[in-house]
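Sequences and hints are given; from them, build the entire structure.
Sequence order for the protein chains is Y and V. The numbers in my numbering rise by one with no breaks, and the one at position 406 of the first sequence is 406. The numbers in my numbering rise by one with no breaks, and the one at position 66 of the second sequence is 66.
Honestly, the hints are just simulated from the structure, not real lab data. Please read all numbers here as calculations on a predicted model, not as lab measurements. Ideal placement from N, C-alpha and C gives every residue a C-beta, glycine not left out. Some clues are possibly wrong.
[What the hints assert, rightly or not] Quick list of simulated restraints, FRET-style, between CB atoms:
| id | chain 1 | residue 1 | chain 2 | residue 2 | range |
| --- | --- | --- | --- | --- | --- |
| 1 | Y | Gly187 | V | Asp98 | 54 to 62 Å |
| 2 | V | Arg409 | Y | Glu164 | 53 to 61 Å |
| 3 | V | Leu373 | Y | Ala66 | 31 to 39 Å |
| 4 | V | Ala268 | Y | Thr301 | 27 to 35 Å |
| 5 | V | Asn163 | Y | Glu372 | 38 to 46 Å |
| 6 | Y | Pro192 | V | Asn163 | 34 to 42 Å |
| 7 | V | Arg409 | Y | Asp100 | 32 to 40 Å |
[Said to hold, decoys possible] Which bits of chain V does chain Y cover? Going by a derived footprint, with three or more residues having C-beta under 8 Å, they are:
| id | region |
| --- | --- |
| 8 | 277-290 |
| 9 | 409-421 |
2 protein chains.
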Amino acid sequence: MNESSTGADVDSIEESTSAAPSGLSRRGLLGLALGGGVASLAVGVGAGITGGVAIGRARAEAEAQAAYEFFGAHQAGITTPVQEHLHFASFDMMPRTDRDDLVTLLQDWTYAASRMMQGLEVSATGAVGGDPETPPDDTGEAFGLPASGLTITIGFGPSLFENEEGDRYGIAALRPAALERLPSFLGDDLVPEASHGDLCIQACADDPQVAVHAIRNLSRIAFGRAKLRWSQLGFGKTSRTTSSQATPRNLFGFKDGTANILADDAAALDAHVWVSASDEPAWMSGGSYLVARKIAMLIETWDRVRLSEQETIIGRDKGEGAPLSGGDEFTAPDFSSSGIDPDSHVRLAHPDQNDGIRILRRGFNYVNGNNELGRLDAGLFFLSYQRDPEQFITLQRRLATDRMNEYIRHVGSGIWAVPAGVSPGSFVGAELFA
Amino acid sequence: MNESSTGADVDSIEESTSAAPSGLSRRGLLGLALGGGVASLAVGVGAGITGGVAIGRARAEAEAQAAYEFFGAHQAGITTPVQEHLHFASFDMMPRTDRDDLVTLLQDWTYAASRMMQGLEVSATGAVGGDPETPPDDTGEAFGLPASGLTITIGFGPSLFENEEGDRYGIAALRPAALERLPSFLGDDLVPEASHGDLCIQACADDPQVAVHAIRNLSRIAFGRAKLRWSQLGFGKTSRTTSSQATPRNLFGFKDGTANILADDAAALDAHVWVSASDEPAWMSGGSYLVARKIAMLIETWDRVRLSEQETIIGRDKGEGAPLSGGDEFTAPDFSSSGIDPDSHVRLAHPDQNDGIRILRRGFNYVNGNNELGRLDAGLFFLSYQRDPEQFITLQRRLATDRMNEYIRHVGSGIWAVPAGVSPGSFVGAELFA
Numbered sequence: 001m002n003e004s005s006t007g008a009d010v011d012s013i014e015e016s017t018s019a020a021p022s023g024l025s026r027r028g029l030l031g032l033a034l035g036g037g038v039a040s041l042a043v044g045v046g047a048g049i050t051g052g053v054a055i056g057r058a059r060a061e062a063e064a065q066a067a068y069e070f071f072g073a074h075q076a077g078i079t080t081p082v083q084e085h086l087h088f089a090s091f092d093m094m095p096r097t098d099r100d101d102l103v104t105l106l107q108d109w110t111y112a113a114s115r116m117m118q119g120l121e122v123s124a125t126g127a128v129g130g131d132p133e134t135p136p137d138d139t140g141e142a143f144g145l146p147a148s149g150l151t152i153t154i155g156f157g158p159s160l161f162e163n164e165e166g167d168r169y170g171i172a173a174l175r176p177a178a179l180e181r182l183p184s185f186l187g188d189d190l191v192p193e194a195s196h197g198d199l200c201i202q203a204c205a206d207d208p209q210v211a212v213h214a215i216r217n218l219s220r221i222a223f224g225r226a227k228l229r230w231s232q233l234g235f236g237k238t239s240r241t242t243s244s245q246a247t248p249r250n251l252f253g254f255k256d257g258t259a260n261i262l263a264d265d266a267a268a269l270d271a272h273v274w275v276s277a278s279d280e281p282a283w284m285s286g287g288s289y290l291v292a293r294k295i296a297m298l299i300e301t302w303d304r305v306r307l308s309e310q311e312t313i314i315g316r317d318k319g320e321g322a323p324l325s326g327g328d329e330f331t332a333p334d335f336s337s338s339g340i341d342p343d344s345h346v347r348l349a350h351p352d353q354n355d356g357i358r359i360l361r362r363g364f365n366y367v368n369g370n371n372e373l374g375r376l377d378a379g380l381f382f383l384s385y386q387r388d389p390e391q392f393i394t395l396q397r398r399l400a401t402d403r404m405n406e407y408i409r410h411v412g413s414g415i416w417a418v419p420a421g422v423s424p425g426s427f428v429g430a431e432l433f434a
Numbered sequence: 001m002n003e004s005s006t007g008a009d010v011d012s013i014e015e016s017t018s019a020a021p022s023g024l025s026r027r028g029l030l031g032l033a034l035g036g037g038v039a040s041l042a043v044g045v046g047a048g049i050t051g052g053v054a055i056g057r058a059r060a061e062a063e064a065q066a067a068y069e070f071f072g073a074h075q076a077g078i079t080t081p082v083q084e085h086l087h088f089a090s091f092d093m094m095p096r097t098d099r100d101d102l103v104t105l106l107q108d109w110t111y112a113a114s115r116m117m118q119g120l121e122v123s124a125t126g127a128v129g130g131d132p133e134t135p136p137d138d139t140g141e142a143f144g145l146p147a148s149g150l151t152i153t154i155g156f157g158p159s160l161f162e163n164e165e166g167d168r169y170g171i172a173a174l175r176p177a178a179l180e181r182l183p184s185f186l187g188d189d190l191v192p193e194a195s196h197g198d199l200c201i202q203a204c205a206d207d208p209q210v211a212v213h214a215i216r217n218l219s220r221i222a223f224g225r226a227k228l229r230w231s232q233l234g235f236g237k238t239s240r241t242t243s244s245q246a247t248p249r250n251l252f253g254f255k256d257g258t259a260n261i262l263a264d265d266a267a268a269l270d271a272h273v274w275v276s277a278s279d280e281p282a283w284m285s286g287g288s289y290l291v292a293r294k295i296a297m298l299i300e301t302w303d304r305v306r307l308s309e310q311e312t313i314i315g316r317d318k319g320e321g322a323p324l325s326g327g328d329e330f331t332a333p334d335f336s337s338s339g340i341d342p343d344s345h346v347r348l349a350h351p352d353q354n355d356g357i358r359i360l361r362r363g364f365n366y367v368n369g370n371n372e373l374g375r376l377d378a379g380l381f382f383l384s385y386q387r388d389p390e391q392f393i394t395l396q397r398r399l400a401t402d403r404m405n406e407y408i409r410h411v412g413s414g415i416w417a418v419p420a421g422v423s424p425g426s427f428v429g430a431e432l433f434a
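Pasting the structure below:
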């Protein structure tokens, strides 16, 4: 264990659980023992009585808030109706960690994630911990808040399988051939502090405090095993995944995600999003590939563009989002119409112009203050899920002549294999270590 | 007008309105003309029909969302029930601007702010502007969103009155004696990119996209006259201003703002928040002084502190927020009790220990990604309103021995005079230029 003077005290967390066989952390084991279903996860809430009255987030204000199931055929947070807020985090494994460290980390993340998605504290010691003479397991800023639709989605980057240090975890042979750093695209201006990483966690929730709490606590649990590499907050979902969600707008002021794959379109999900049992490798069956792109928008420049030009660039009208070939938002664009520019975004990105290729988008807007020129540091944190990274690569290459490129810069990039959902009693990615 | 190749095109905005007398911008004049009340602000919505169907945010999804009045005795956003999200922005006037530039800027901000707080677009040309051959007045990302409880609060910094260039706007003699940069406090570690500024705008809303839209558009309107100096997003209000709001938690996991001044406590507001008619200078009557402090929290270090020590530092229990002298959250602390440490935060900050001094707090949590060590760049964006800056200064000096100081760093600081509310037909700060 790394003995740095800062970071979470995992030893003290572990002390509150019973002994475990070597090779499994005690908390990891507890996670497995509790994995039998949602109901059992409520065990232990309210057990931590100290310094006053124990409170559980689950029994706080009975708000009508969604709570999603962590366990299932696919990981949550992919087809789940897009929430209002994002905290995305990329992690690197710490030096000199071994396969057991990685496995127990995934077990501990599974346990904590399954609890937090139910609106519970990060461990069974409850809101303020079991022992006043140890640091609380849970950092506390979400006490009293409901689950708020939290989903936690975990992925494995190419470097987890093999990096310059070699095959650290004995899984190099199992790396999907398609899981490699994305190629360079025209106009890429990537910065290391928003790119790549051994592991990723996408936390989405309708309350940003709940999403931040999840990333903070999962980072803390990772102490000594994995370290936060970079992270990004987002808001105002720019894609929809259910037909009941109105199409949101991106920071160019246009509706975004009109033609997205929806969660109830099982055929499209099977064709374009989920890795099938016939795809390689077998351990990825039921999973998906996640691409993240931090796309800075030059919004002050965009805001000087006349409306007619903005609409030509996008290929849709700004008010309704209808294609410039006519109709309303959901009318299929007619690319034979002279109304749609050949290098408009809608045409270059459209499945009809890309051999039917589709992806499931799940992006968010971001604003990180401003730069020294007084321009907002703002843009789109693009997230997409696809059955094969080649789908994204093909589409992104197609966008090389996109007229929108004058107003955006891709500054961050990452790709992760998101394994299938977790069975009760197991943990994220268990098939990879079977 | 600055002819930089980026930034908003104010000329084109102005072209859509009629001629105005010199010394008043045409948009400023329009603002005054429309200032007669809320109902009249709906004029023009839907008038901008181009490229499809015009939409107004006001007639989009009929959500039960608050819309607050811009005009009134005091500016909105001080006693308004604290919203879920903040975008705070500090501005500096541009070089070679004159008094007319400042006055017309305040008029234009008044006009736009009064519209946006009603859920309308930034000008009467509506959602996508009146002329497709000009850039739309409104940047568009809030089309279709309700007012979302937006408040816009505008303040004047010490440097607006006089700086190293002198008395740029002929108002140096009217600077309140108390309006000067805050003194240095023990432990200050201020950075310029989060400190000071000629003007500030506090935009609060229950939807971050609405708050960001407000700051973006007010920055754009300022083009050529004032430039964004720094800005900060926040979430998860850490104070409450009505008794119906539950006390939220800060990123140390503790309830924050239990003893805040509430909006219905008129006597306390008059005593501690509003500048009275008998205070100097007269133009500040009905206003307040805003202090902003960006307080970085060393959360990974805090998270290693045992619960009993965390509670001793704060002086309250973590679960309920009750003082350690006993009772529940709203029980008055008994400072004669040995349960409360003399250097606990609750004791040092309490009015009973500070000659009855109170302030109205309105802070938010913030997370700006993480640093290169993998630690979250997170903390409290503290905002307080007081009748006299001396209230804050006294309290902050009192906190010199606060045990919490080991876990926080003040990295940003600013102070602004927030003038009284605006009468219909007038503009923010008009009394200063009378």
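Hint-by-hint comparison with the structure:
1. Gly187/Y to Asp98/V: 54 to 62 Å: Cβ of Gly187/Y to Cβ of Asp98/V: about 41 Å, so the range 54 to 62 Å is violated.
2. Arg409/V to Glu164/Y: 53 to 61 Å: 35 Å, violated
3. Leu373/V to Ala66/Y: 31 to 39 Å: Roughly 35 Å apart at Cβ, these two residues keep to the hinted range, so it holds.
4. Ala268/V to Thr301/Y: 27 to 35 Å: 48 Å, violated
5. Asn163/V to Glu372/Y: 38 to 46 Å: Violated - the Cβ-Cβ distance for Asn163/V and Glu372/Y, about 19 Å, lies outside 38 to 46 Å.
6. Pro192/Y to Asn163/V: 34 to 42 Å: 38 Å, holds
7. Arg409/V to Asp100/Y: 32 to 40 Å: 37 Å, holds
8. 277-290: n = 0 at 8 Å, threshold three: violated.
9. 409-421: violated (count 0)
The structure fails hints 1, 2, 4, 5, 8, 9 (numbered hints given earlier, in ascending order).
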